[in-house]
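Colleague: Sequence:
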Amino acid sequence: MKINNTTQITGSKVILVPYKEHHVLRYHEWMKSEELQQLTASEPLSLEDEYKMQKSWFEDEDSKGCGWEATILMLIYGIEKLGVQKYSAKISIENVKSCNMFQKLDFIEISRSSVFEEVTLEKNVDSTWLNWLRSNVKFEMNENYDLRLNCTLNKTKNFV
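0 is the number of the first residue of the sequence shown in numbering that gives the first Met the number 0; add one for each residue after it.
Derived from the structure by calculation, the hints contain no laboratory data. Fair warning: this is a prediction, and the values are worked out from it, not measured in the lab. Where hints are given, some of them may not hold.
To be verified - Think about it this way: if two alpha-carbon atoms lie no more than 27 angstroms apart in a straight line, the pair counts; the simulated BS3-like pairs of lysine-lysine are: (1) Lys31 / Lys51; (2) Lys12 / Lys96; (3) Lys85 / Lys103; (4) Lys96 / Lys85; (5) Lys137 / Lys80; (6) Lys137 / Lys12; (7) Lys122 / Lys80; (8) Lys103 / Lys137; (9) Lys19 / Lys137; (10) Lys137 / Lys85; (11) Lys80 / Lys54; (12) Lys51 / Lys19; (13) Lys54 / Lys19; (14) Lys103 / Lys89; (15) Lys85 / Lys122; (16) Lys103 / Lys80; (17) Lys12 / Lys89; (18) Lys137 / Lys96; (19) Lys54 / Lys31; (20) Lys89 / Lys51; (21) Lys31 / Lys96; (22) Lys54 / Lys89; (23) Lys12 / Lys31; (24) Lys89 / Lys31; (25) Lys137 / Lys122; (26) Lys122 / Lys103; (27) Lys122 / Lys12; (28) Lys19 / Lys89; (29) Lys19 / Lys31; (30) Lys122 / Lys89; (31) Lys31 / Lys122; (32) Lys122 / Lys96; (33) Lys80 / Lys12; (34) Lys80 / Lys19.
Please work from the sequences and hints to get the whole structure.
Modeller: Structure (structure tokens):
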């Protein structure tokens, strides 16, 4: 069982929850977007392969502004709950939006590979940066996320 199996992180624009089987169909539809595939360095999968991928992710120990907020929420979670001390991001050189976002998050470029056509950026965690991350989002962390509650929200408020 993963440490975040029942965690819900709520920001002002997004709610982050564990990627469960009932999310796969919507995720699969999103991933048909060529732009999203390029931005995430992803290849299209069949629906059957998507279900297999979700299961492997689950079992294994980014609308405008939503990617920014989701990234910050995940960074905060990693620092506060998982004890992450250093982040590293490998991004396609062509993905200018992501490179700019991580540089805005104070990541520093440490290498560039023409062979793999990717850039590697890193950020060491410190209390000043964590406070800056916190100041950029409004959030609450609920470690007792109940799937039934989220399904109710999906039906009434169109949350993802």
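Colleague: Against this structure, judge whether each hint is valid.
Modeller: Evaluated hints:
| no. | hint | result |
| --- | --- | --- |
| 1 | Lys31 / Lys51 | 17 angstroms, holds |
| 2 | Lys12 / Lys96 | 19 angstroms, holds |
| 3 | Lys85 / Lys103 | 16 angstroms, holds |
| 4 | Lys96 / Lys85 | 22 angstroms, holds |
| 5 | Lys137 / Lys80 | 17 angstroms, holds |
| 6 | Lys137 / Lys12 | 9 angstroms, holds |
| 7 | Lys122 / Lys80 | 18 angstroms, holds |
| 8 | Lys103 / Lys137 | 18 angstroms, holds |
| 9 | Lys19 / Lys137 | 25 angstroms, holds |
| 10 | Lys137 / Lys85 | 23 angstroms, holds |
| 11 | Lys80 / Lys54 | 23 angstroms, holds |
| 12 | Lys51 / Lys19 | 11 angstroms, holds |
| 13 | Lys54 / Lys19 | 8 angstroms, holds |
| 14 | Lys103 / Lys89 | 15 angstroms, holds |
| 15 | Lys85 / Lys122 | 6 angstroms, holds |
| 16 | Lys103 / Lys80 | 23 angstroms, holds |
| 17 | Lys12 / Lys89 | 25 angstroms, holds |
| 18 | Lys137 / Lys96 | 23 angstroms, holds |
| 19 | Lys54 / Lys31 | 20 angstroms, holds |
| 20 | Lys89 / Lys51 | 24 angstroms, holds |
| 21 | Lys31 / Lys96 | 19 angstroms, holds |
| 22 | Lys54 / Lys89 | 24 angstroms, holds |
| 23 | Lys12 / Lys31 | 23 angstroms, holds |
| 24 | Lys89 / Lys31 | 22 angstroms, holds |
| 25 | Lys137 / Lys122 | 22 angstroms, holds |
| 26 | Lys122 / Lys103 | 11 angstroms, holds |
| 27 | Lys122 / Lys12 | 25 angstroms, holds |
| 28 | Lys19 / Lys89 | 25 angstroms, holds |
| 29 | Lys19 / Lys31 | 19 angstroms, holds |
| 30 | Lys122 / Lys89 | 12 angstroms, holds |
| 31 | Lys31 / Lys122 | 31 angstroms, violated |
| 32 | Lys122 / Lys96 | 18 angstroms, holds |
| 33 | Lys80 / Lys12 | 22 angstroms, holds |
| 34 | Lys80 / Lys19 | 20 angstroms, holds |
In summary, the structure is inconsistent with hint 31 from the numbered list given earlier, while agreeing with all the others.
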